[in-house]
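Each protein sequence line maps, in turn, to chains A and B. So the first sequence is numbered by the numbering used here: it starts at 682 and just counts up by one. So the second sequence is numbered by the numbering used here: it starts at 682 and just counts up by one.
Just so you know, the hints here were simulated from the structure itself, not pulled from any lab data. Worth double-checking, as some hints may not be accurate.
The list makes no distinction among identical chains, and a pair is therefore deemed to hold if it is satisfied within one copy or across any two copies.
List of simulated lysine to aspartate or glutamate pairs, EDC-like, C-alpha gap at most 20 Å [to be verified]: (1) K768 with E785; (2) K684 with E956; (3) K957 with D922; (4) K886 with E785; (5) K768 with E986; (6) K684 with D874; (7) K957 with E986.
Number of protein chains: 2
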Amino acid sequence: MSKELVFGHQNPDTDAIVAAMAFAYLQQQLGNDVEAVALGEPNEETSYALRHFAAATPRIIKEASSEVDSVMLVDHNESQQSVADIKDLTVTHVVDHHRIANFETVSPLFYRAEPVGCTSTILLSMFNENKVEIPAQLAGLMMSAIISDTLLMKSPTTTEKDRIAIKTLAEIADIDFESYGLEMLKAGTNLDDKSEAELIEADAKTFDMAGKKVRIDQVNTVDIEAVFKRQAAFEAAIEADNKANGYDLFVLLITDILNSNSEALVIGEPAEAFEKAFNVKLNNHRAQLAGVVSRKKQVVPQLTEAF
Amino acid sequence: MSKELVFGHQNPDTDAIVAAMAFAYLQQQLGNDVEAVALGEPNEETSYALRHFAAATPRIIKEASSEVDSVMLVDHNESQQSVADIKDLTVTHVVDHHRIANFETVSPLFYRAEPVGCTSTILLSMFNENKVEIPAQLAGLMMSAIISDTLLMKSPTTTEKDRIAIKTLAEIADIDFESYGLEMLKAGTNLDDKSEAELIEADAKTFDMAGKKVRIDQVNTVDIEAVFKRQAAFEAAIEADNKANGYDLFVLLITDILNSNSEALVIGEPAEAFEKAFNVKLNNHRAQLAGVVSRKKQVVPQLTEAF
């Protein structure tokens, strides 16, 4: 086969970056010409993990069709979350743990999805099925991705398979996953150096819900109240972002990773869809969402149903 | 989990019936409450295989939501090829070897697709990965499905993995796959007892191409000319079918399974899309397609591109 690129979603989190590196490595071991790239700069949490395991950051691309015809997607499938010129490319492989939507191919392809907490958990199975050994550095990164996606196994997206995967990879990487994981998650909660405009973009994804463009961003913290001291500035940034990009509704999810709760800031219309989805009344555009930490499992399906 | 149904596509072929039986068996061995059903009567080829291996025909259903909330799909994913009330059901699993289109979920799911010749080939991998033994009867049926989909390994959809799967399953079933396979394929080419209306429906699938409803049916034979002696009656049946169901374009593919060629009968508009797709001129609504035996690989992508 001719060379292919493999990448995760826009505004990459740790799994989007690491799953691309892991799947590229697996494909290379199987004899295929594949390069892992990223659709954006790593966030602070991911940078912490890459630094800790002394791994290089993948090359960042804005489009792919000028260098390849075919690509492999990890940790996403929806076209609006993918590379800008995805319509001009053939998708040959997908490895993902999200719902399937806005995804269509002309020809058969390789698609592997499981309803588990992290793409890297699925990739661990695929390494085993193909009898390919995982180097210690890559194992540490894949473990970091699962810790990131499951908030150290506290998210309701966590499955028994994710727990076993973290422990298996921690053994290969020879690391205490609990203490490392907490430090890594905390590294991602340093918000002071970032503008509101940066923060509402950093982990944002767009969804099509009944024809409306819904943008959902999630910010991890250890102190929700401290984040809401910046509420006015967040609102202004979101209003500007909605206007510039045509988002109908913006949900900013501020998640306390220590206590596993979130509070949402909701700007745009129809805000009633949010109230209906969570059976709450917005007060000053805000609502507490007790126990909510997973966009994928506790926000997107509920909001989709409400629309 | 509560009980789920697993089924293949409408107008089931051997893989649609057998893959449902095989996936249900695998799920049952993993402790899940699953029943294999079918969306239509088995065709003559499938009946031959079920009879040969003394297997019962799965129960036939018209809708599923009155008995279950969730379903598993095999050998298809496009909603218009699935059970009539698919929109009211949650799809938890898909195992398939076709393109992905008109498929969308609210939540993450288990999805396993590979660009191989047959769903049963993928299922063989899944039995191995889960370390579940395949009973001889089921192995014979799965082998039959792969022989059916690959026309005894002559179709260009055939991969090395399909070849190995046929041999592996033939060993478990303790059968000479070459002589059995030819008899099974021939059993499916007995067209004399069937009306034109039955034949244009038997293996038909609907595709959405640029907003047009395209219907493609395939009839296997050992004598293309003999089939075209019934051309006038086929045309009348197709015109009535197009009118009754709103199909824009109907492509009837008559495939010579011994010589690996097809001739198409094309009724409806835009017929130019067909001519463009295959770079042929239709003569009396007909065109020879040398070497074409696979709807999935040699017809659907080409026609989709032309639209």
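Exercise. Against the structure shown, which of the earlier numbered hints fail to hold, in ascending order?
Worked result: Of the numbered hints given earlier, those the structure breaks are 2, 3 and 6, listed in rising order.
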